[in-house]
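Those protein sequences? They're chains B, R and Y, same order as listed.
Per numbering that gives the first Met the number 0, the very first residue in the first sequence carries number 0; after that it's consecutive.
Per numbering that gives the first Met the number 0, the very first residue in the second sequence carries number 0; after that it's consecutive.
Per numbering that gives the first Met the number 0, the very first residue in the third sequence carries number 0; after that it's consecutive.
Check the hints yourself; a few may be wrong.
[Claimed, not checked] In silico DSS-like pairs for lysine-lysine, Cα to Cα no more than 25 Å straight-line:
| hint | chain 1 | residue 1 | chain 2 | residue 2 |
| --- | --- | --- | --- | --- |
| 1 | B | K277 | Y | K108 |
| 2 | B | K4 | B | K158 |
| 3 | Y | K248 | Y | K108 |
| 4 | B | K4 | Y | K248 |
| 5 | Y | K68 | B | K238 |
[Stated by the list, open to error] Incomplete in silico selection of chain B near chain Y, CB under 10 Å:
| hint | residue |
| --- | --- |
| 6 | M129 |
| 7 | F139 |
| 8 | R146 |
| 9 | G257 |
| 10 | E261 |
| 11 | E422 |
[What the hints assert, rightly or not] Per label pair, the in silico range of CB-to-CB distance:
| hint | chain 1 | residue 1 | chain 2 | residue 2 | range |
| --- | --- | --- | --- | --- | --- |
| 12 | B | S424 | R | N107 | 39 to 45 Å |
| 13 | R | I3 | B | E104 | 58 to 64 Å |
| 14 | R | G105 | B | F246 | 31 to 37 Å |
| 15 | Y | K120 | B | L401 | 50 to 56 Å |
| 16 | B | E104 | Y | D124 | 26 to 32 Å |
| 17 | R | D69 | B | F246 | 42 to 48 Å |
Calculated directly from the structure, the hints in this document are not laboratory data.
No experiment lies behind these values; they were computed from the predicted model shown.
Even for Gly, the Cβ is constructed at its ideal location relative to N, Cα and C.
Listed below are the residues making up each chain.
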Amino acid sequence: MITMKIYDVVIIGGGPAGLAAAFEAKKYGAKEVLIIERNEELGGILQQCIHNGFGIHQFREELTGPEYAERFINKVKKANIECMLNTMVLGINKDKVITIISKNEGYISIKGKAIILSMGCRERTREALMIPGTRPSGIFTAGTAQRFINIEGYMVGKKVFILGSGDIGLIMARRLTLEGAEVVGVAEILPYSCGLNRNIEQCLKDFDIPLLLQHTVIEVKGRERLEGVVVVEVDDKKKPLYKTKEFYKCDTLLLSVGLIPENELSIQVGVEIDGRTKGPIVNESMETSVDGVFACGNVVHVHDLVDYVTDEGRLAGKGAIRYLNNLFNKANKGDYITTECGKGVKYIIPQRLRMEHLNEWVMLHLRTDKNYDDVEIQIVIQGDIIKTIKKSKLSPSEMIRLRIPSDLIVNREIDNIKVEINERS
Amino acid sequence: MEDIIIVCTSCPLGCKISIEKCDSGYKVIGNNCRRGEVYVIEELTNPKRIVTSTVKINKSSISRLPVRTDKPISKEKIFDCINEINKVEICAPVNIEDIIISNILGTNANLVASRSMKKTVRD
Amino acid sequence: MYDVIIIGAGIIGTFIGRELSKYRLKIALLDKENDIANGTTKANTAIIHAGYDAKEGSNMAKYNVKGNKMFDRVCEELGIDFKRIGSLVLAFNDEDINTLNELYNRGIKNGVTGLEILDRKQTLDLEPNINGDVKVALYAPTCGIIDPWNLAIALAENAIENGMDLFLRTKVHNILRKNDVYTIYAGEKTFEGKYIINCSGLYADKISAMVENPKYELSPRRGQYFILDKKEGKLFNSVIFQCPSKMGKGVVVTPTIHGNVIIGPNAEDIDDREGYETTYLGLNEVKEKANMTSRKINFNETIKLFSGIRAEPSTGDFIIKESENTRGFINVAGIKSPGLSSAPAIAEEVVKIVNKLEGGLKSNLNFNPNRKKIINFEKLSDHQKNEIIKSNFKYGNIVCRCENVTEGEIVDCINRNAGATTVDGVKKRVRPGSGRCQGGFCLPKVMEILARELNCEIDEVLKNNKGSYILTGRTTKGDNYEDL
């Protein structure tokens, strides 16, 4: 019987969240830190995001994805953090025993005194959208197409229609154009784009690619290879207006219709999932509902900027250290206040705050349910508005970060703290 | 002259900035920072972009090396720049920021490697 | 010169091929498609019916009941999963109850064993997640679930091991008959044979018309389906039917052998025999009807939509006989539902016909009923997993993370005697891309493995048939570099 190797902190997923968490855990005193990564190298999805725009908050520079990744990979390597590449986690049990598989290690179990989940997310597919029609080749999620082009060096098509105006879709519109493909249009079912403004400007407008707001694809045509898509306008309830039906000839359909946190492992270990984010419910230290299991990055909620993923990773790394140092008083496990989504707020991270573990301030991350102009974000405790922030523009595509001084919360007998969006008075 | 609205892309905030030519230069409204002003004036007079792509790389585990221009280049030159990039083929090892093409198309910008890649022997 | 040429490599053709390979015969199996089981066999409800549905005395009733009993053995021999999870037909009103009694009586006459009428409580105990308005249900313990395309592939592999020749991408253009010898022009080749077995699914009437005026016609009938994520896989325990009524046949809701949930089909008569598309209306019909069975079906967890087409014969029953006018031309046509369930019994019947024509068949003494073993990594014990990775490190490389498929399994399925040559072929056999991400992560890797094993370029790898290319060349244009 081989004894099972025990690590202080095991990080599952070596993307930006996992890298930051691992480095932070090591920095604050964890001895045995292990990153498990299923790909052949660290960096996660950043390695295929060759465009610039990463790192403005972390480095005050506009880095490309691989550049951003390399800075953190170098830090992790210098800190002598152990990495298992080409390694897949098949399961985690309640005792934090992790079953892994790889060519080199075989099928083995290891244990983490603390575990940090940073598996990222996956893309929504055509089937999840239930687009009817045939099943030809030439339909890709934007991220898969990005991998083919930027990592493998192969083109996915010549005439492309893009459904969904998420950032990856916009970035891919430009990338495909630069590689000689024709992007015939980008359809977005909502009345506004889900991508960052700069991407609309630099990826669509620079190349005269039409953005069709309130449009969607209702049918896919073509027997072997895609031959075209049927596009319609939709009303405010997203119902197709069939009279507006138009056929777009194309050999490729790219889907950029949202990302879903990958929580199959989290569910296996018993972590409570928030129906709104589809990710684990976390507290101020990024700890999930299972003791000593932390989560950070896109596995918790889908971010628009990697800079904030890094911040979250650091928080989780620090949290894991506090847990290992027995600073979390387990007796008071149930003792927390909740963050409540008021009017206009789609979700808030973290969902739970434990008073005794707050620093001078706590950062709330939230998204609105739709676009707002000239509104106020209000933080409400027991009916009192304790803080008001004026905003000229709010959009669900841009995550809002609210830094709340802890003295507004601690030492008060409260159950929750609410954030809501109100018309400007 | 009508004022023009330009979405600032200096950072992901994407401020909508209006710019109007006036006697003393340009009247800029709506920017949240100094970079916004610089950006809109340049965007109006000589728009520039960072160009990113990949080049073929041999003797590495991945067959494409991501590259970027180290400075923004004139928007009009993007496609010419891509044509130049497509002519290149290199061999690993490469270090991040290694110059792949210097002074690409006379723009004063260098095309640089956007990551390091080790030399590997493929099986 | 072949003794027997089988046209159509679906479940019927492969079953017949394997059954005939037990005898000393030279057999060829032809199909126009790029892979085995690419037509009706690929897209259906994947159920082995008990056999109470079809009218007594019909071919459908006879072969279904007989065929059902034969699955355990053949699946055991070929290493194919088959589970008798039982079926329920739900009755919600008095009319339904009458129908249920008719089905029960018919089942008894057809020779179905174990049938029982369950009361409401018994039904809900078995299936707590169905609609509580259910009054009674007909329970058939012999009903089972299976993976039909992998069964067809296994049958073909085993038949090939026992001497059969397989020809894919070989579409039959014409058939001539001279001095009791058939010449088949197919693809670029010609084949000569003594007997032809026509089990070409939706095209059987067209193939018949090459030798005679066919006595039957086929019309395509389409059914649409949903497949839900494995997350929902525990919702139901058995195959759940609705009572056939004025409103139609109703839809089936059942776990699949792979742990998903399948819901469908509707029934639409269409003109196009290749009209494999799903439609908004068809899917909606399935959805609404399924809500009658259970309101707990979470369609938001859909991971796949598809449609299947079955051949509806003008005679209303399976056609399994030698042509009256053309000696040695055997039609196995109009094999709609319960065709899969009947397949082993139909194959036996066809052997009887060939035996009669030949005046007795000699056994193939080398016949090996077992197929070269398949390693399903997920099902091995921890120790076995470690051992196999040690002997072949490719089993340590998980390619598809939704279904936990290893590189070892993919390589194995490509390198078999009826191996996969396409992305869909690999997906059909070992399931990478069948999970919730539908290949988003593993497609590039599967293509790389296919290219390596088939010794071709990645951009030559196809999804399915000719024309279904996935990539359109390298990103850099005008290149002539070589991989060093």
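Sort out whether B:K238 lies within 25 Å of Y:K68, counting only the CA atoms.
Measuring from Cα to Cα gives roughly 49 Å; hence the hint is violated.
Interface hint for B:R146, Cβ within 10 Å of any Cβ on chain Y:
At about 6 Å, which falls below the 10 Å cut-off, the nearest Cβ of chain Y leaves the hint on B:R146 intact, so it holds.
Agreement of hint B:M129 with chain Y interface, Cβ distance less than 10 Å
holds (6 Å)
Under 10 Å is the threshold here; is the Cβ of B:E422 close enough to any Cβ of chain Y for the hint to stand?
Hint violated; B:E422 Cβ to chain Y Cβ min 33 Å, cut 10 Å.
At a threshold of 10 Å, is the proposed contact between B:G257 and chain Y supported by beta-carbon distances?
It is violated, given that the least Cβ distance between B:G257 and chain Y is near 13 Å, above 10 Å.
Next item in the hint list is B:E261. Is there a CB on chain Y closer than 10 Å to its CB?
holds (9 Å)
Do the beta carbons of B:E104 and Y:D124 sit within 26 to 32 Å of each other?
violated (45 Å)
With 50 to 56 Å as the target window, see if Y:K120 and B:L401 comply at their CB atoms.
Hint holds: Cβ distance 54 Å, inside 50 to 56 Å.
Take the C-alpha atoms of B:K4 and B:K158, compute the straight-line distance between them, and say whether it is at most 25 Å.
violated (52 Å)
Would the hint linking B:K4 and Y:K248 be met if the CA-CA limit is 25 Å?
violated (58 Å)
What's the verdict on B:K277 and Y:K108, does the C-alpha distance respect the 25 Å limit or exceed it?
violated (52 Å)
Between B:S424 and R:N107, does the beta-carbon spacing fit 39 to 45 Å?
About 52 Å separates the Cβ atoms of B:S424 and R:N107, which means 39 to 45 Å is violated.
Hint compliance for this structure: hints 1, 2, 4, 5, 9, 11, 12, 14, 16 are not met, and every other hint is.
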